[in-house]
Each structure stands twice: as C-alpha cells, then as structure tokens.
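Enquirer: These are the residues of each chain, in order.
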Amino acid sequence: MLRYEDWTDPVPAAEREVVSLTEDARTDRPPLLFVPGLGHGAWAFAETWLPRAAARGFAAHALTPRPDGDLRAQVHDVVQVAASLPRQAVLVGQGAGALVVAYAMGRYPVRAAVLAAPVMDGWPTLGAALRANPFGTLPALFGGRLRLNRRQLFGPEMPAEDAQRFLERIVARPRRELVTHDPAPRPVGDPPVLVVGSPDDRVVPRTSLDRTATRYGSAPLLFPGMGHELMLDVTWADPIEAIVDWLEKELES
Amino acid sequence: MPDTPDIADRHDAVCVIGAGASGLAAIKNLREAGFEVDCYERETSVGGAWNWRHDRSPVYAGTHLITSRPLTEFPDFPMPDTWPDYPDHKMVLSYLERYSAHFGLESDVWFGTEVVSVAPTGDGRWNVTTQSTGGGSSRVQRYAGVVVANGHNWSAARPEIPGDFRGQVIHSAQYKDPAQLRNRKVLVIGGGNTGCDIAVEAAQQATMVWHSTRRGYWYAPKYVFGRPADQVNARRIPLRLRQWLYRKAVGFTAGDLTRYGVPAPDHQPYESHPTVNSQLPYYLGHGRITAVPDVTEFDGGSVVLADGRRIEPDLVITATGYRPRFEFLAPELLDTAEDGRPDLHLHAFARKHPTLAVVGLVQADFGLFPLAHWQSVAVARWLRLRVTDPERATAVQQKESTRPVASWSKRRVVPTERHWFEVDHGDYLRAVEGLLREMETAA
Numbered sequence: 001m002l003r004y005e006d007w008t009d010p011v012p013a014a015e016r017e018v019v020s021l022t023e024d025a026r027t028d029r030p031p032l033l034f035v036p037g038l039g040h041g042a043w044a045f046a047e048t049w050l051p052r053a054a055a056r057g058f059a060a061h062a063l064t065p066r067p068d069g070d071l072r073a074q075v076h077d078v079v080q081v082a083a084s085l086p087r088q089a090v091l092v093g094q095g096a097g098a099l100v101v102a103y104a105m106g107r108y109p110v111r112a113a114v115l116a117a118p119v120m121d122g123w124p125t126l127g128a129a130l131r132a133n134p135f136g137t138l139p140a141l142f143g144g145r146l147r148l149n150r151r152q153l154f155g156p157e158m159p160a161e162d163a164q165r166f167l168e169r170i171v172a173r174p175r176r177e178l179v180t181h182d183p184a185p186r187p188v189g190d191p192p193v194l195v196v197g198s199p200d201d202r203v204v205p206r207t208s209l210d211r212t213a214t215r216y217g218s219a220p221l222l223f224p225g226m227g228h229e230l231m232l233d234v235t236w237a238d239p240i241e242a243i244v245d246w247l248e249k250e251l252e253s
Numbered sequence: 001m002p003d004t005p006d007i008a009d010r011h012d013a014v015c016v017i018g019a020g021a022s023g024l025a026a027i028k029n030l031r032e033a034g035f036e037v038d039c040y041e042r043e044t045s046v047g048g049a050w051n052w053r054h055d056r057s058p059v060y061a062g063t064h065l066i067t068s069r070p071l072t073e074f075p076d077f078p079m080p081d082t083w084p085d086y087p088d089h090k091m092v093l094s095y096l097e098r099y100s101a102h103f104g105l106e107s108d109v110w111f112g113t114e115v116v117s118v119a120p121t122g123d124g125r126w127n128v129t130t131q132s133t134g135g136g137s138s139r140v141q142r143y144a145g146v147v148v149a150n151g152h153n154w155s156a157a158r159p160e161i162p163g164d165f166r167g168q169v170i171h172s173a174q175y176k177d178p179a180q181l182r183n184r185k186v187l188v189i190g191g192g193n194t195g196c197d198i199a200v201e202a203a204q205q206a207t208m209v210w211h212s213t214r215r216g217y218w219y220a221p222k223y224v225f226g227r228p229a230d231q232v233n234a235r236r237i238p239l240r241l242r243q244w245l246y247r248k249a250v251g252f253t254a255g256d257l258t259r260y261g262v263p264a265p266d267h268q269p270y271e272s273h274p275t276v277n278s279q280l281p282y283y284l285g286h287g288r289i290t291a292v293p294d295v296t297e298f299d300g301g302s303v304v305l306a307d308g309r310r311i312e313p314d315l316v317i318t319a320t321g322y323r324p325r326f327e328f329l330a331p332e333l334l335d336t337a338e339d340g341r342p343d344l345h346l347h348a349f350a351r352k353h354p355t356l357a358v359v360g361l362v363q364a365d366f367g368l369f370p371l372a373h374w375q376s377v378a379v380a381r382w383l384r385l386r387v388t389d390p391e392r393a394t395a396v397q398q399k400e401s402t403r404p405v406a407s408w409s410k411r412r413v414v415p416t417e418r419h420w421f422e423v424d425h426g427d428y429l430r431a432v433e434g435l436l437r438e439m440e441t442a443a
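Chains as they are written, first to last, in the working numbering: chain A, 1 to 253; chain B, 1 to 443.
The hints are simulated quantities; they were obtained by calculation from the structure and are not laboratory data.
Wrong hints could be hidden among the right ones.
Said to hold, decoys possible - According to the in silico footprint, chain A covers these stretches of chain B (three or more CB under 8 Å from chain A): (1) 9-15; (2) 77-89; (3) 231-238.
The structure displayed is predicted, hence computed values, not measured ones.
Glycine residues also receive a C-beta, built at the ideal position from the N, C-alpha and C atoms.
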C-alpha cells in the first residue's frame, strides 16, 4: 500500500513494442496480453498463439520487454500496456514472463491470468539449468550471455533447423533477481488463474510447476512431450486451444 | 418509514452516491468484493469535480494537478507514463473516463438521477429515495449498504465580509477562464492552491493584482533538484525531517517571501494543506502581484484591509474553498456537529451505522485517488465481512472503535475548517492497512 519507490523514483517511460491482432475481436470478450519470457520478444507469440487467439474472437496483443529492464520495469510495462487496453485484460505469461505476470497481478486487477511454463522459483530453475546445460548456463552466472540449447527448450519432435532458427533469436542475459526475487505478491481482485506446463519441461521442474499451481489454487494443465517453449514447439496449438477453452468457461461463470 | 409495496428491495446490493473519482473507485472495489452496485449520479456523465461540463465542477481552464502523476493515480490503474508530471484537468477527466470504461463501471451508474434522501430502516439497511435531476417523480429502493461519494468541492464557502461593494464579487467556483480577468483590477482572497493559481493567472492578464491572505503559507515549488517536489519528499522518513526538507526546498527556491510583504507562516510545513505554486513568488518578485493582509470590510468602491489600507479593485475573487454537504442525510447519521463537521472513523465509517460510509472526504499532502481507492477497498471488505462472518465483524468493529484518533490523524494542524479532514498520507494509509489486516485475519 505504501509504495515509496514508485512515488519517489517512478519507472521512466520507454518505447514499447506491442504487436496486436484486433480485427476479429468480439466486443464481449476481454483483450489478451501475451508476455514473453527471458530473451524473447513479441515475435515468440506473433506467428502462433497470437493469431490463434485472435481467430477465436479475442483481441490479442503481445509485448516486447524493454531492453535491459529489471523486473520492476518489466512489471511496470505490462501494467501500463494492460491499462491502456479498452477493457480489463487477461494476461498470459510464458517462462520468466509468467513471473512478470504474477507480479503484475499484484498491481493490476486482471480479468484472468495464465502462467505458462512459469519460471517462478529461482533456485530450482537454476539447478535444472545447470544440470541440463552446464556450459551454456555458467557464463550467465558471471554476467555473460545465457546460451540455451535445443534439448533444453524443445521437445524431441522439434525439427533441428526450426529449433536453431528460434535459438538464434533468443538473446538471454538473465539478471540476478530472476533467482533472488521475493515471492510474487497476492493477486488483487481475486482473479481466476490457470497454470499450464509440461512434465518434460527441462527448465521448469515438475515440482516447481505443481507448487505454482497449488499457490493459485489449482492443478497444472499438462502437455506431455512438449518442451519449455509451449508457444513455439511443434504442437503449440494444443496449449493455446486449451487456454482459450478454459478462458471461455471462466468468462461464462 | 412504513413498509410499502412501493419500495423495491435490492437485497444485498450496495448504493453508491456519485460517479466522480471516489464513486467510480467505490463501484469497482465493491464489485470486486462480490457486491451488486447501483450508483446514482446527478449529472449525465462520469468524472464529478473533474468534469468541467458539470455545473458543480470547480475546475477552471488552467487547472492542473498539484501532486504529480505517480502520487495521484489509482494504485491499480496507472496513468500513461508518457503523460506530463502534472496533467491538466482534461487529462484527468479522460483518465477517469478510461478507468470507468476499462472496468465497465458505467453499466451500474444511473445518470441524471439525484439522491433525495437516505434513511435507515432500523435493521442496518437503507431506504434510498431518488428522482430525476431537477424534479420528476421519486422512487424508493432498499439497499444493504450506502457509500457516499458526493464530493466535498462543490458547495462554495463564501466569507462574510461586512459592507456593500460596488464592484463584482465572485467565488472561485465561478472563475472559469482567464478572459474574466483581462484588463481589470483584481483582488484574490485566499492562499490555497486555487487562490494562488488565480493570482498568477491574474498577474498574466489583469492590470493590477492584489492577493489577500489571512496568514503566511509555505508556498512550495513544483520542482526541486530537477524533480517534481512531492516525489523528492514522499519518503519513509519522520514528519520532522520531511518538514525540514520542505523548509529547505522553499528556502533554496523562493526563499523568504516576507520581503514582498507576505506574512511569515505561523505554523510548520504540513500543518496546513500544502500550497504548491512556483509562479507566485516569481510574480511577487516582478511586482505583478501585491501581497495584502486580510479584508475587513467593503466600503462602496473600495475594500478595507486589516492594516487600514484601502484598495479599489473592480473584481474580487474569493478562493475560500468549499464545505462538505450531505443534504440527503440526517446530520446525526454522520455525527455531524453544529458547524457541519461530520465525525467519522478514519474519515470514512459512520460510527453508529456500520453499513454507511463516506469515501473521498479526506485532504492529504498527496493525491486523493489513491486514498479514495484504499478507503473503498476497506469499505467493501468490511461490508463483505459483515455478511460472511458477522461475529468477527463485531470484534473488528470493537477493536477499531477504541483506536485513538491520534494513531491515524496528524494532531497538529491550523485549526480552520479547511483542515477538518487533513491527514498525513503515510499515517493514513498505514491506518487503513491496519484495518485491512485486521479483517484479513478474520477471514
């Protein structure tokens, strides 16, 4: 309630890239805002989940995080974009973007939220990364770039050249706070929250996924066989269809 | 009131009076707590005081925020970060309109409808009588709770100055446009934010400007150290240190204004409602504004001042503030004293009527919207708790009623009507937070 930091040192404005598909949006449906994870931009949703959600009648937007923004700045950007939409928004965050969404929910009363393969627990995630990809992860601990590999992010069915194309676009420089941050605040306005993930995710351990889901009062919706990149993996359509199904049901009640 | 079939029972719904900033926040937060809401608004659009189209709106063409954007916005719906530090009244109105549209609040608002009376039924519920603004047949509906958000900046408080005056006397509520000042000799009465704003606009438009204040004030600059001054000062530090910082900020910028004939403040910073104006000292220094003492009487074409001087303005603007008014409520419901001052717990909760609350009736060294937001969150959770756990609600009420006023209200303020509802934002928010936590453990 007493937000001295925001009062004395507000986050400065920045250019924000927002990709939007709003043509087929039905007026009775809330807008969706997709929040990408570490090293990703709006591009990660632009060809898959964004058009699929739009085709099902939702105004769909995806935000690119500001370069070098800390967690506070990223949360600020998400809340700014959400508040700029004409109606109360649904936030969908993937990976570290789910953490940003979880924090944003403490600020802005979302209509609903989806945490996809959420990177919510810093230490277990770091442990998993060191096990799955020690040489790509270690430099990041000392301020270098995080090099992610194909096995870490995608399921076995992902064609190598597609995976390579995406890996080249991911420029990840994790900040220390991704591991050391405080637990996410309680959401304001008591919104419905869905947690989706994969038991075969090599970034987010299953225990962490269950813990996040329990925290938001449900069990995770699972897509076995998929990797961490739920919106880019071969079967990317399954999770988004399930998310929209869930959303439609929640909006009815 | 006898039980007649004419009364439509709205069961658990809550009635909100007014669709200005406080009323909109009340609708939103009551809904989040699961209540059905009917809001009555006498005008045909939202925005209350900030809607310059409304005949009760006090805004004038040059109205800007006094506290900067981060200290003014609703905590859960920020203003665009590309907006200026101190948006003007049109931006503030568009912000309120967007807030209303974003959360779909207007579907619960009955526009063009005035509340005529609010009367307790005796069992904690309320009969609310409404009619179309300006007349028409009335209608009575019964609600489980009433949240009053009718604003306190619309009923002009006019000073009683003896004698007749040949020139024109208007209250600042009737001042809308600098053209009203052009080429005239103007006396502005009042050292609050409005009085200083108008004195500055007069300095730019009128041929002669006098500015009359009863006492000296701490005219704070809008910027210090290259930042909005309130952002420099809104820190978690003791009041005394903040007062010191405030004195320093004034000292570094405008300095001692007694050299222009302005009286020295007879109180510490924050003991009167902060006046923020960088331009007043500037125009005093340029001789465009002449500081004068209190007005004692009118005498034909001239105005007599406390020091015996006579001046001859042709327009007098009294920027002497507003009075809270609740003509639809019997005074005892809000424990209103003879002088019109209601006595409410946390300036919000009626002491003898747990289902009656007032939102937005505070003055702080801070924007009102965040305070109105948290007040309405507290009111909504309180009404909810009464439904879900009446026993705990009673316990919370008992505990709250023993809380000393000093624990949440700053003790020392200049004892005038202007400071009836003056609070320190930090102390106040902490008090509301305490109440929310109290109800939390109950839940």
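Enquirer: All hints are to be evaluated individually against the structure, with a verdict given for each.
Expert: Tested hints:
1. 9-15: violated (count 0)
2. 77-89: Per the Cβ count (5), the hint holds.
3. 231-238: Contact hint for the region 231-238 of chain B vs chain A: holds, 5 residues under 8 Å.
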